[in-house]
Structure formats: C-alpha cells, structure tokens
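Colleague: As a plain string of letters, each chain reads:
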Amino acid sequence: MLYLLLALPIISGLLCCFTKARNAELINILGSLLTGITAIYCCLTPFMTGTAQKLNSHKIYKILILDELSAILVFIIGVVGTTCCLYGVTYLRQERSHGEIAEKRVGLFFGLLHFFVATMYLAVLADNLGVMWVAIEGTTIVSALLVAFYGNKSALEAAWKYLIICTVGIAFAMLGIILTFYAARGVLGSDEISLSWQQLYLVADQLDPSLMKLAFIFILVGYGTKAGLFPLHTWLPDAHSQAPSPVSALLSGVLLNCAIYAIIRFHLLTTMAVGEGFSGQLLIIFGLMSMVAALPFILVQKDIKRLLAYSSVEHVGIIILGVGLGGTLGYTGAILHLINHALGKSVLFLSAGTLAQRYKSKLIPKIHGIGQWLPVTSAIFMASLLAIGGLPPFGLFFSELTIASQGFQVKGALVGFVFLMVIAVVFAGLIYFGGKMYFSDPVTTCPSKREGFSVSHVLLLLPLGLLLLQGIYMPHAIQQLINQVVKFMLLGGMPSV
Amino acid sequence: MVDLFALIFLVASLFMLAGRSITNTITLLTVQALALCLIAFYLGLSTQETNWHMVIVGGLTLVVKVIILPWVFYKLVYKVNLHREVSLSVGLVSSILIGLLLIGLAYGYIVPVLLKDIPVGGHLISAALAGILLGCFFMISRRSALSQLIGVVAMENGLFLCGVAVTGGMPLIIELGIFFDILVGALVMALMTYQINDTFETIDTKFLNKLKG
Chain Z
1 MLYLLLALPI
11 ISGLLCCFTK
21 ARNAELINIL
31 GSLLTGITAI
41 YCCLTPFMTG
51 TAQKLNSHKI
61 YKILILDELS
71 AILVFIIGVV
81 GTTCCLYGVT
91 YLRQERSHGE
101 IAEKRVGLFF
111 GLLHFFVATM
121 YLAVLADNLG
131 VMWVAIEGTT
141 IVSALLVAFY
151 GNKSALEAAW
161 KYLIICTVGI
171 AFAMLGIILT
181 FYAARGVLGS
191 DEISLSWQQL
201 YLVADQLDPS
211 LMKLAFIFIL
221 VGYGTKAGLF
231 PLHTWLPDAH
241 SQAPSPVSAL
251 LSGVLLNCAI
261 YAIIRFHLLT
271 TMAVGEGFSG
281 QLLIIFGLMS
291 MVAALPFILV
301 QKDIKRLLAY
311 SSVEHVGIII
321 LGVGLGGTLG
331 YTGAILHLIN
341 HALGKSVLFL
351 SAGTLAQRYK
361 SKLIPKIHGI
371 GQWLPVTSAI
381 FMASLLAIGG
391 LPPFGLFFSE
401 LTIASQGFQV
411 KGALVGFVFL
421 MVIAVVFAGL
431 IYFGGKMYFS
441 DPVTTCPSKR
451 EGFSVSHVLL
461 LLPLGLLLLQ
471 GIYMPHAIQQ
481 LINQVVKFML
491 LGGMPSV
Chain V
1 MVDLFALIFL
11 VASLFMLAGR
21 SITNTITLLT
31 VQALALCLIA
41 FYLGLSTQET
51 NWHMVIVGGL
61 TLVVKVIILP
71 WVFYKLVYKV
81 NLHREVSLSV
91 GLVSSILIGL
101 LLIGLAYGYI
111 VPVLLKDIPV
121 GGHLISAALA
131 GILLGCFFMI
141 SRRSALSQLI
151 GVVAMENGLF
161 LCGVAVTGGM
171 PLIIELGIFF
181 DILVGALVMA
191 LMTYQINDTF
201 ETIDTKFLNK
211 LKG
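Listed in order, the protein sequences are those of chains Z and V.
Residue numbering for the first sequence follows UniProt numbering, starting at 1 and increasing by one per position.
Residue numbering for the second sequence follows UniProt numbering, starting at 1 and increasing by one per position.
In case anyone wonders, no lab produced these hints; they're calculated from the structure.
Warning: the hint list may mix true and false statements.
To be verified - Sample of chain V residues facing chain Z (criterion: CB under 8 Å; computed from the structure):
| hint | residue |
| --- | --- |
| 1 | 4 |
| 2 | 71 |
| 3 | 145 |
| 4 | 166 |
| 5 | 177 |
| 6 | 181 |
| 7 | 189 |
| 8 | 192 |
| 9 | 194 |
| 10 | 199 |
| 11 | 202 |
| 12 | 211 |
Glycine residues also receive a C-beta, built at the ideal position from the N, C-alpha and C atoms.
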C-alpha cells in the first residue's frame with residue numbers, strides 16, 4: 001500500500017509530462033484524487049490495527065514504514081497536496097488566459113507538482129535517515145524548478161537562492177547522519193539497518209551521548225534551514241512569494257512540515273540518547289528566535305505573499321517551540337498546530353493567489369475593495385487570515401493556547417509571555433492588512449459583475465471547514481488518535497501498546 | 001597511500017581558491033574527484049578480500065564526478081561564454097589566507113577537540129572537513145552562479161570523503177541515492193544557471209539582489 005502511495009504520484013507525474021495540456025489537467029485531477037484517497041486510507045491503518053507496522057526487537061528492516069507520527073504527515077500531505085493539485089487547474093487556466101504561462105508548459109507544471117508530492121511522501125515514509133535525506137534533497141531540487149516556473153528575473157533569483165541555501169544547509173544534516181551512523185554502527189552493525197529509525201529508537205540508550213549531541217546540532221542546522229528557522233530562513237520569503245500560488249501553498253503547508261518532521265524524529269532520538277533537556281533547550285531557543293525575528297517583517301510588509309511567508313516562519317517557530325517544551329501538552333499543541341497551520345496556510349496562499357491574479361499585483365496597497373469584487377474568495381481569505389491569526393473558533397487558537405500553557409508551566413512566565421505577545425502583535429498586523437484590503441473602496445476597473453460561487457471555492461472550504469470543526473467540536477475518535485501520537489512521542493518513538 | 005590522495009584532495013581544494021579562471025577551477029574539481037575515486041578504489045582493493053562496496057562507490061565517483069559533471073560544466077562555460085574571470089567578493093590573497101586558516105581549524109580544533117570520540121586514522125577526517133569548509137568558503141568568495149555550483153559539488157566531495165573516513169562509507173542504497181541527488185541537483189543548477197544567463201545576460205550573482213525585506 002505504501003509503495004502504491006509513492007507510485008501513484010510518480011506515474012501521474014510522468015503521464016502529465018508527456019501529454020497535451022488538456023489531458024494533463026485530467027490526469028492531474030484523477031491522479032491527485034487517487035493519491036489523496038490512498039494517503040487517507042494509509043494514514044488510518046496504524047491507528048486501526050495499532051500493531052500494524054510494529055517491529056520491536058526483531059531485526060526486520062523495511063524501506064518504507066508508517067507509524068503514528070508519519071501518519072499525521074501523510075494525512076497533511078494527502079489533504080493539502082490534493083487540494084493544491086486540484087486548485088492548480090483553475091489557477092493555471094487563469095494564468096494561461098493572461099498569457100503568463102505557455103500552453104505547452106502546463107503538462108510540465110502538473111508533472112513537477114506530482115513529483116514534488118511524491119518526494120515528500122518518500123521523505124515522511126522512509127524508515128532510514130539516509131533515504132529521508134535523499135528525499136528531502138529531492139524535494140529541494142523539484143520544488144526549485146517549480147519556484148522558477150515563471151522564468152522571470154525575480155522567480156529565477158528566488159529559485160537560485162532557495163536551491164543554493166537549502167543544498168548547502170542540508171549538507172550539514174548529512175554530517176549529522178554520518179555521525180549517527182558511526183555511533184550506531186557499534187551497536188547495530190554496518191548495514192542499512194543501523195540507520196533505521198525503528199531500530200535506532202530501540203538501542204538509543206546505548207548510543208554515545210556526546211556524538212549524538214554533535215549530530216543533533218548538525219541536523220538542526222541542516223533541516224532547520226529547510227524548515228525556515230530563524231537565522232537560515234532567508235530563502236523562504238523569496239521562494240514562497242515568487243512561486244505559483246499552488247506551489248507556495250505546498251511549500252508552506254507541507255514542505256516545511258516535512259523538515260519539522262525530520263527534526264522531531266531526531267529530537268526524540270537525541271532525547272533518549274542524551275537525556276531530557278539538551279535538544280529541547282535548543283529547540284525552544286530557535287523556536288522563540290524565529291517567532292520574534294519574523295515579527296518586524298510581518299508588520300512592515302507590502303507584498304501579500306511575503307507577508308504570508310513570514311507568517312510561516314513565525315508558525316514554524318511556534319511548532320518547534322511546542323516540540324522543545326515537550327510533555328503531553330507541548331507535543332499535543334505542536335502536533336495540532338502542525339496540522340492546523342498546514343490546512344490554514346494552504347487555503348490562505350491559494351485564496352491570496354487568486355486575489356493577486358485578479359488584481360495583477362501582489363502589493364497590498366494595490367489590492368483593495370476585495371469584498372465588493374470577489375465576495376466569495378475574499379470571505380474565504382479573511383476567514384483563513386483570522387484562523388492563521390489564531391482567532392477562537394478556529395483550531396489554531398487551541399493549539400497555540402496548549403503550547404502557551406505548557407510554556408508557562410515548564411519554562412516560567414518569560415517564555416509564555418514572549419510567546420503570547422508575539423502572537424498578539426502578529427494578529428494585530430494581519431488584521432490591519434486584512435482590514436485594509438477588505439474594507440476599502442473597490443478599484444475603478446472592477447467589472448460590475450460579481451464573482452459567483454464555483455467548484456474551486458468548495459476545495460478551499462474543505463480544509464477551512466476542518467479547521468473550524470476542530471475548534472468547535474473535537475470528536476472523541478480524533479482526540480483518541482492525537483493522544484496516541486502524543487503517547488508515541490512521549491515514549492520516544494516506541495509504538496504505543 | 002590514502003594519506004597521499006587526501007593531501008592531493010586538500011591541495012586541489014586550496015588551489016581552487018587561488019585562481020580566478022573558471023576553467024582551471026573545473027580542472028581542479030576534477031582532480032579533487034579523481035583523488036576521491038582513487039581513495040575509494042585503494043580502500044576497496046588493498047584489503048585481502050575485495051571490498052565491493054568501495055569499488056562500486058569508486059566507480060560511481062569516476063562516472064559521475066570525474067566524467068559527467070566536469071563535462072557538463074565545461075559545456076556550460078562555452079554556452080554561457082564565460083571565458084572572462086569571475087568577480088570575487090573576497091580578494092585572492094586574503095581568500096587563500098582564510099583557506100589556510102580553515103584548514104588549520106579543521107586539523108587543530110574540530111577533529112582533536114570536537115570529534116575526540118572518533119579514533120582518527122591518518123588525516124582523512126581532517127582533510128574531509130577542511131574540504132567541506134573550503135567548498136563553503138569558495139561559494140561565499142565567488143560571485144558567479146557557476147562558481148557557486150562548483151562550490152556545492154566541492155562540498156559534496158568533502159562530505160563523501162567524510163563518510164568514507166568516519167564510517168568506511170555509508171550503506172550502499174544511501175550512497176546510490178546521494179549520487180543520484182548530486183547528479184540531478186547539479187544538472188538542475190546548471191539548467192538554472194543557463195536560464196539566469198538568458199534572463200539577466202550575466203551569471204554574476206551580485207545582480208540577484210532584487211528580493212528583500
């Protein structure tokens with residue numbers, strides 16, 4: 001089943017590359033729907049059977065594996081990836097009618113999009129640090145081509161910076177993996193098995209602590225670059241703002257999460273090898289730094305997609321902080337926030353993309369009166385903006401609250417206070433920009449015909465509905481699932497019984 | 001023997017910092033990769049039993065890093081018409097001095113102090129880490145897209161040597177994956193360099209400065 005999950009996007013990607021635009025759209029729709037359904041089915045299995053992929057002490061090694069933590073990521077990629085692929089159809093039709101993208105490149109776009117999704121599935125399913133590294137490096141290569149898709153100056157500049165910074169960054173992660181391999185070799189032997197997450201978790205307490213500390217630092221630098229943690233986030237706003245909107249949504253909603261997933265895994269391993277404190281402390285520092293550093297850029301931003309990109313930096317900081325704080329509350333908050341941010345931010349990027357497309361500009365001062373011209377899209381945009389800001393009926397409010405309470409509990413008033421202040425100020429900033437765009441006079445060129453309700457809006461409403469539902473009423477079953485994941489993380493990567 | 005090859009590797013890395021001509025740099029990169037390939041072959045064939053893992057990895061290095069990548073880079077130089085010298089952001093003399101400093105850092109601090117838990121045989125690890133640092137600095141000190149691409153490959157060479165030195169090579173499937181990544185990555189970067197040259201009419205990265213804030 002897992003191999004099918006990888007094969008589906010690759011096959012549809014290949015098909016898309018070699019067909020005409022019309023057929024590529026069809027293949028894209030079919031392929032992404034099939035992939036999405038398979039993903040949802042797959043990610044339910046470890047919860048249904050409980051022992052589905054349990055390996056324990058047997059030295060069995062599989063390349064692909066699905067446990068509680070990766071199931072969450074597969075769910076996110078499934079939902080967000082499918083939404084973005086489907087929304088891409090409408091988006092590209094618009095771009096073609098504006099003459100931004102040539103007819104014959106449509107197939108290539110969808111093909112790359114599916115390859116991108118496939119590499120991300122491989123990154124979260126791989127039960128091997130090395131394969132995971134290869135997959136994450138693969139996501140960089142494929143998505144850089146997507147970022148450069150428009151081929152104009154700024155797109156090329158963004159793509160080049162993205163490619164170079166992330167490739168160099170991830171080289172450091174490889175150093176961390178080499179050190180881990182060295183540490184594990186004495187215990188597990190020199191086959192691939194000693195780089196298997198499952199096996200490493202079992203023998204974590206026998207690994208050399210000082211080597212693992214060093215390895216964690218390298219891993220944090222490497223995957224932190226990819227996740228957009230503060231000092232190395234510089235590629236992120238460029239790439240997110242220049243990419244076609246469905247790609248920005250994927251980058252922000254899913255790709256960042258894949259890198260965070262790698263950090264979480266390694267954090268669990270390091271915690272078991274070194275003891276509590278070391279890696280958590282580092283994560284708290286970097287999480288808080290990212291949050292604070294994103295703040296000024298959000299407040300003075302003029303470009304709407306850059307605004308959203310910096311908001312992603314802030315949210316990555318929140319998630320990393322939650323993981324660093326640890327404990328039941330910290331992990332619950334982080335996992336919930338991971339899901340919520342992916343859902344909310346992808347909707348936000350997609351609707352902002354439509355706005356920018358209609359107004360032919362990404363500058364906030366030029367986008368005004370969205371409420372009159374595009375009532376449906378702008379309503380969705382404002383709703384998801386409020387959601388990302390952390391307004392109560394949406395899920396993000398609760399995940400942020402959970403992390404904040406853990407912050408007050410574990411680290412005292414200072415961490416909690418800084419955390420809440422940053423969120424409050426960012427919220428004010430987002431509302432200010434949102435209000436300026438929504439409650440203003442429409443542009444004079446605005447056609448009198450208003451936008452109607454269409455299929456693509458349903459696509460956007462689906463993730464938004466999930467967010468809303470989660471904030472208002474969390475079904476017991478889902479709560480159970482989240483608890484299971486948190487238990488898995490608390491036990492340090494051991495399958496919960 | 002291995003130490004000799006490691007020395008060649010190191011000297012090639014250092015000399016890359018000394019010149020401005022891009023074709024010379026590509027030649028030095030090839031020398032560097034050749035040293036790696038010889039190390040892998042030597043380690044594979046010198047033991048009583050032939051270590052096939054090392055031989056395969058050495059062969060891959062030969063094909064990918066000694067033949068394909070330099071060929072692609074040379075082609076790119078001719079297509080982009082870049083026979084002029086690249087512009088520097090750090091002067092030549094100071095960049096060699098910094099290069100020597102980085103080598104000293106790798107030999108004097110990182111390996112004996114930070115990595116003291118790893119028993120060092122020869123100076124392979126130090127050379128590898130110095131290679132990574134020099135590759136990284138090479139990227140910073142040059143302001144051309146092609147030089148940055150070469151710097152990435154030089155860093156990967158250092159990483160590869162590091163893997164060989166610390167663990168005697170990563171598992172084969174991962175080694176294959178890394179080679180695939182480097183090959184595809186370098187090709188994509190080469191393609192992008194080509195596009196940048198088309199759009200900007202230069203590959204000087206100082207013109208890549210429009211996006212900020």
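Colleague: None of the hints should be skipped; say for each whether it holds.
Modeller: Hints and how they fare:
The beta carbon of residue 4(V) is not positioned within 8 Å of any beta carbon in chain Z (closest approach about 23 Å), and the interface hint is therefore violated. For the restraint placing residue 71(V) at the interface with chain Z, the shortest Cβ-Cβ distance is roughly 20 Å, beyond the 8 Å limit, so the hint is violated. Nearest Cβ of chain Z to the Cβ of residue 145(V): about 7 Å, under the 8 Å cut. The hint holds. Hint status for residue 166(V): holds, given a least beta-carbon distance of 5 Å to chain Z, under 8 Å.
Hint status for residue 177(V): holds, given a least beta-carbon distance of 3 Å to chain Z, under 8 Å. With a least beta-carbon distance of about 5 Å to chain Z, the hint placing residue 181(V) at the interface is held under the 8 Å criterion. Proximity of residue 189(V) to chain Z holds as hinted, the smallest CB-CB distance being about 6 Å (cut-off 8 Å). Against a cut-off of 8 Å between C-beta atoms, the interface hint on residue 192(V) holds, since the closest Cβ of chain Z lies about 6 Å away.
Interface restraint check for residue 194(V): the shortest CB-CB distance to chain Z comes to about 11 Å, outside 8 Å, so the restraint is violated. Taking 8 Å as the C-beta contact cut-off toward chain Z, the hint placing residue 199(V) at the interface holds, the least distance being around 6 Å. Look at residue 202(V): its Cβ only gets to about 12 Å from chain Z, farther than 8 Å, so that hint breaks. This hint holds: residue 211(V) has a C-beta 4 Å from the nearest C-beta of chain Z, less than the 8 Å allowed.
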